[in-house]
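Q: Chain by chain, the residues run as shown.
There are 4 protein chains.
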Amino acid sequence: MRFSVGCEIQYDVSEETTLILNVEAQHGEGQEVLDEQFSISSGVPAESHIVPETGNRYRRLKLNAGQHLISYSATVETRPYFGDPALIPQVPIAELPFEVITHLSPSRYCQSDKLGRFAWRQFGNANGYETVTAICNWIYENVDYLEGSSDGSTSAYDTFTLRAGVCRDFAHLGITFARALGIPARFVSAYAYDLTPQDFHAVFEAYLDGRWYLFDATRRCPIDGLVRIAIGRDAADSAFATYFGQLGGPAALVRVERLDSQPGTDWTVAAVSLSSP
Amino acid sequence: MRFSVGCEIQYDVSEETTLILNVEAQHGEGQEVLDEQFSISSGVPAESHIVPETGNRYRRLKLNAGQHLISYSATVETRPYFGDPALIPQVPIAELPFEVITHLSPSRYCQSDKLGRFAWRQFGNANGYETVTAICNWIYENVDYLEGSSDGSTSAYDTFTLRAGVCRDFAHLGITFARALGIPARFVSAYAYDLTPQDFHAVFEAYLDGRWYLFDATRRCPIDGLVRIAIGRDAADSAFATYFGQLGGPAALVRVERLDSQPGTDWTVAAVSLSSP
Amino acid sequence: MRFSVGCEIQYDVSEETTLILNVEAQHGEGQEVLDEQFSISSGVPAESHIVPETGNRYRRLKLNAGQHLISYSATVETRPYFGDPALIPQVPIAELPFEVITHLSPSRYCQSDKLGRFAWRQFGNANGYETVTAICNWIYENVDYLEGSSDGSTSAYDTFTLRAGVCRDFAHLGITFARALGIPARFVSAYAYDLTPQDFHAVFEAYLDGRWYLFDATRRCPIDGLVRIAIGRDAADSAFATYFGQLGGPAALVRVERLDSQPGTDWTVAAVSLSSP
Amino acid sequence: MRFSVGCEIQYDVSEETTLILNVEAQHGEGQEVLDEQFSISSGVPAESHIVPETGNRYRRLKLNAGQHLISYSATVETRPYFGDPALIPQVPIAELPFEVITHLSPSRYCQSDKLGRFAWRQFGNANGYETVTAICNWIYENVDYLEGSSDGSTSAYDTFTLRAGVCRDFAHLGITFARALGIPARFVSAYAYDLTPQDFHAVFEAYLDGRWYLFDATRRCPIDGLVRIAIGRDAADSAFATYFGQLGGPAALVRVERLDSQPGTDWTVAAVSLSSP
Numbered sequence: 001m002r003f004s005v006g007c008e009i010q011y012d013v014s015e016e017t018t019l020i021l022n023v024e025a026q027h028g029e030g031q032e033v034l035d036e037q038f039s040i041s042s043g044v045p046a047e048s049h050i051v052p053e054t055g056n057r058y059r060r061l062k063l064n065a066g067q068h069l070i071s072y073s074a075t076v077e078t079r080p081y082f083g084d085p086a087l088i089p090q091v092p093i094a095e096l097p098f099e100v101i102t103h104l105s106p107s108r109y110c111q112s113d114k115l116g117r118f119a120w121r122q123f124g125n126a127n128g129y130e131t132v133t134a135i136c137n138w139i140y141e142n143v144d145y146l147e148g149s150s151d152g153s154t155s156a157y158d159t160f161t162l163r164a165g166v167c168r169d170f171a172h173l174g175i176t177f178a179r180a181l182g183i184p185a186r187f188v189s190a191y192a193y194d195l196t197p198q199d200f201h202a203v204f205e206a207y208l209d210g211r212w213y214l215f216d217a218t219r220r221c222p223i224d225g226l227v228r229i230a231i232g233r234d235a236a237d238s239a240f241a242t243y244f245g246q247l248g249g250p251a252a253l254v255r256v257e258r259l260d261s262q263p264g265t266d267w268t269v270a271a272v273s274l275s276s277p
Numbered sequence: 001m002r003f004s005v006g007c008e009i010q011y012d013v014s015e016e017t018t019l020i021l022n023v024e025a026q027h028g029e030g031q032e033v034l035d036e037q038f039s040i041s042s043g044v045p046a047e048s049h050i051v052p053e054t055g056n057r058y059r060r061l062k063l064n065a066g067q068h069l070i071s072y073s074a075t076v077e078t079r080p081y082f083g084d085p086a087l088i089p090q091v092p093i094a095e096l097p098f099e100v101i102t103h104l105s106p107s108r109y110c111q112s113d114k115l116g117r118f119a120w121r122q123f124g125n126a127n128g129y130e131t132v133t134a135i136c137n138w139i140y141e142n143v144d145y146l147e148g149s150s151d152g153s154t155s156a157y158d159t160f161t162l163r164a165g166v167c168r169d170f171a172h173l174g175i176t177f178a179r180a181l182g183i184p185a186r187f188v189s190a191y192a193y194d195l196t197p198q199d200f201h202a203v204f205e206a207y208l209d210g211r212w213y214l215f216d217a218t219r220r221c222p223i224d225g226l227v228r229i230a231i232g233r234d235a236a237d238s239a240f241a242t243y244f245g246q247l248g249g250p251a252a253l254v255r256v257e258r259l260d261s262q263p264g265t266d267w268t269v270a271a272v273s274l275s276s277p
Numbered sequence: 001m002r003f004s005v006g007c008e009i010q011y012d013v014s015e016e017t018t019l020i021l022n023v024e025a026q027h028g029e030g031q032e033v034l035d036e037q038f039s040i041s042s043g044v045p046a047e048s049h050i051v052p053e054t055g056n057r058y059r060r061l062k063l064n065a066g067q068h069l070i071s072y073s074a075t076v077e078t079r080p081y082f083g084d085p086a087l088i089p090q091v092p093i094a095e096l097p098f099e100v101i102t103h104l105s106p107s108r109y110c111q112s113d114k115l116g117r118f119a120w121r122q123f124g125n126a127n128g129y130e131t132v133t134a135i136c137n138w139i140y141e142n143v144d145y146l147e148g149s150s151d152g153s154t155s156a157y158d159t160f161t162l163r164a165g166v167c168r169d170f171a172h173l174g175i176t177f178a179r180a181l182g183i184p185a186r187f188v189s190a191y192a193y194d195l196t197p198q199d200f201h202a203v204f205e206a207y208l209d210g211r212w213y214l215f216d217a218t219r220r221c222p223i224d225g226l227v228r229i230a231i232g233r234d235a236a237d238s239a240f241a242t243y244f245g246q247l248g249g250p251a252a253l254v255r256v257e258r259l260d261s262q263p264g265t266d267w268t269v270a271a272v273s274l275s276s277p
Numbered sequence: 001m002r003f004s005v006g007c008e009i010q011y012d013v014s015e016e017t018t019l020i021l022n023v024e025a026q027h028g029e030g031q032e033v034l035d036e037q038f039s040i041s042s043g044v045p046a047e048s049h050i051v052p053e054t055g056n057r058y059r060r061l062k063l064n065a066g067q068h069l070i071s072y073s074a075t076v077e078t079r080p081y082f083g084d085p086a087l088i089p090q091v092p093i094a095e096l097p098f099e100v101i102t103h104l105s106p107s108r109y110c111q112s113d114k115l116g117r118f119a120w121r122q123f124g125n126a127n128g129y130e131t132v133t134a135i136c137n138w139i140y141e142n143v144d145y146l147e148g149s150s151d152g153s154t155s156a157y158d159t160f161t162l163r164a165g166v167c168r169d170f171a172h173l174g175i176t177f178a179r180a181l182g183i184p185a186r187f188v189s190a191y192a193y194d195l196t197p198q199d200f201h202a203v204f205e206a207y208l209d210g211r212w213y214l215f216d217a218t219r220r221c222p223i224d225g226l227v228r229i230a231i232g233r234d235a236a237d238s239a240f241a242t243y244f245g246q247l248g249g250p251a252a253l254v255r256v257e258r259l260d261s262q263p264g265t266d267w268t269v270a271a272v273s274l275s276s277p
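Heads up: the protein sequence lines correspond to chains H, C, P and U, in order. Each residue of the first sequence is one higher than the last, beginning at 1 in our numbering. Each residue of the second sequence is one higher than the last, beginning at 1 in our numbering. Each residue of the third sequence is one higher than the last, beginning at 1 in our numbering. Each residue of the fourth sequence is one higher than the last, beginning at 1 in our numbering.
It is worth saying that the hints were derived from the structure and are not from the lab. There may be inaccurate statements among the hints.
Which copy is meant is left open, because identical chains are indistinguishable; a pair holds if it fits in one copy or across any two.
[What the hints assert, rightly or not] In silico SDA-like cross-links for lysine to any residue, where the CA-CA straight-line distance does not exceed 25 Å:
#, residue 1, residue 2
1, K114, V254
2, K62, D113
3, K62, E95
4, K62, G152
5, K114, S149
6, K62, G182
7, K114, V100
8, K114, T161
9, K114, I101
10, K114, V13
11, K114, T154
12, K62, F98
13, K114, S153
14, K114, L34
15, K62, V51
16, K62, F240
17, K114, N137
18, K114, F240
19, K114, E15
20, K62, M1
21, K62, A126
22, K62, G245
23, K62, V100
Given the structure is predicted, the values throughout are model-derived calculations rather than measurements.
So here's chain H without its partners, still in its complex pose (with noise of 0.2 Å):
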């Protein structure tokens, strides 16, 4: 599938700012960047750095005081791989490649030592991608979606009490299930096609038979229309701009166009990964 993606941001600086940025669609097997442009309007030079591990690519930027608007636009091909969900079993924690293991650790907003008992007793009788299915259920049945909900502070453990978030509080606690249950699991920001309103979305991952398959409890829009920007072990490791200094609050303005007309990304039932096995 291919998608013209793109943000636009702008930012008002009033002190001399390091950014750093994460908005740029991630180079891979499943994944495509056909052309891309970014810029700035005040010229400043972007450094640019793709992590080895994750693909992650990241721009930094000294902004000195003033208006600063930031521009990405590509055109991204994904070759999504679709597998069978009813064929999709779990590895053994004995067979995991060991640099998926570190992803069955608790992180900072997904306090997978804390809620053991309940995946185990909710979710235990499942096995393999349907344990997953039934943990985007359980979340999509029981957390109100709810703007202003949460803030920057709020984690998996808040968000089970209080039963409403955000895609970010949906991704944080179907990681959190899904480590606690023995499944590797982590964060996806992406471009989401049919989203509305448009916005970055947050979604996660989970290990399973070899792959990385992709998962969204929140249902506003299809598995395969995600263009992946970054993963990581949770949102903070993944934010699309993290910045030091001072600054106004950021007005971002996100663009996600399907530009053929092939069949899919009309929410598919088939398991999606972007990810090479």
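Following the hints, position chains C, P and U against chain H.
A: Okay, now just chains C, P and U, sitting in the frame of chain H:
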């Protein structure tokens, strides 16, 4: 400095359990393993893995029901870099290596996003090495070292309020303050010379002037008598053992001896690093 | 019903300590103390006080260093009011007695302000006695009764997430849900007939149809076999002992026997109240 | 001192709502209401109740859909007791009146059970009035007064860590430290003279030398310019308004004027109490 280190850990396994151990000394420029032995009484195979980015060394064992005695011993030569504390400035965010920046993010046990106001007020006037020294002094003076006062779910947020903890809590609090101030910091598990009673130890490293310097807010052993086992974001990914199954609380016996008689390891006032720049 | 109840508590005091005990059975319309004895081996005076609003009975003792054995025994006649669960509606806020309204407020261990969304979603369709029964059923089915799984700082917020606790945690969670739904609820400490192993017990009361009805989500003993000791907002003001000083963890021996042979105390399905309307 | 106090609160009610107001000045020995008026634009009846133990005055109103303007105004004569801070000792637990002891218990927003270690270390060497002054000084110096930094779920535990809050958070933290040190303390909502901007205010009282003395860690208005509305364990049972239904966030206008011209109300250094001994 040359050390003989080792541990013996006994497990009573009641049903098949996958155990992931992380007790072997790191190889690297600042620390060389001259010889070592790893054995398990039951003779089950122990798959081994070294994480390229961290140098952490894992063993994965599938233990069947019964008793298992694991023994590790090594002769390790450390070649600490000694710096002058007065000449170790902080690295501006704009100049930090990208791979180091991730150690500014909050993590499971180090909610640096919540303690920023206190950290800036308390330590905001210091700079570089002096800042982290001030952090360690504050922790030593304000937190009681008290066995049994914390458990596996205790985070820096709790320790800051409860004012009691053990070595891992002291390390978590130090990491949290450093990150809140824009200084990358990470968790270090180690064999520690001259620690009484002998046990695995936890300290932390802060990234200053292009190196990771070691800090120990507990003041329980000399900072240049450490042999590093693992580095990580916090205890969540640096545990000496993680298991998935049923087993009896391990009895661990840890041993650290000095083999050479050269000066050092007696409470140096120098800044100490075991990492390459 | 007639019960013989009592307790023996031994304290090893290392320095002068003020102890406030709350172990004596309440006097009142639904529960009459026929005879009772309170003694302390060291013979120190035990100042006594009854709180007018609650009927709670306190003893204050100034214990000097040494061993102290406290004994209490009483013969108590309870005259429970039995109501028909199907005929016990909720009282609208607009009609609640003012002195009852305070039991809608969140308290130390019952953060009803945080669990409202869940409570309404889960129990919002029931009414009156049926609502609180649904609450108790849910707790029984979803929380594991597990000695040692909680401590003095565990609140309903934690229990809801961790899904394990003891009688006081079960009571706190029940109170929290009830308050969140606009049903006044309070904590009750009690002697409980047929509880194994014998110990002080904790249940809760909800205010319905003009009375305080007893509820016990643990299902560990018959609800009409209770002798009330104290009522309060939660365990923070209903502890059986509070001390200010240094003393060795008390060893308590609790005893409850049935003295009459009339029917009852065998798991009634009626609604039970020991309060006057 | 004589004050004219009052408030106007406007509610936009979308469905029938029961409102419980607590905005009327307390009657008592230290504070006399000379005249007062309570009215509601829609003319609905306002049932009134005075709690015997506290003197708190409640109004219960059943508001139907529509707009309601509530007005209260009163002329109040306060007769503060002025004590000499140097001569106000702490009351030993063994001598506290029983009805005061309950104010040593932790409550929803004042987890005194968790901050004891810090409190003893920081304030443990002071005694009596001096202790509570030290508490207030510490709060003033270490916590930023910052509108919008806290919300209805913020407790003393959070404020201690986050180091920012508003008047109710300052009061909660003061109460928490006092209780942790064995000094009974309670929450006070009040009309406050010379507060800018004018609003309902929250302070706390500590029980010392047989009286409840007023303390305000915010230093935002004179302590002898207060007219007490309610006392309680913490904000959970001292809110100026509680409602059960749907209504638009109230717009409240508070007014406090000095009517006499006698000296006082200008930052006395005396200890001030409005309670009878």
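Q: State the violated hints by number, sorted upward, taking the hints as numbered earlier in the document.
A: The structure conflicts with hints 1, 14 and 20, although it agrees with all the remaining ones.
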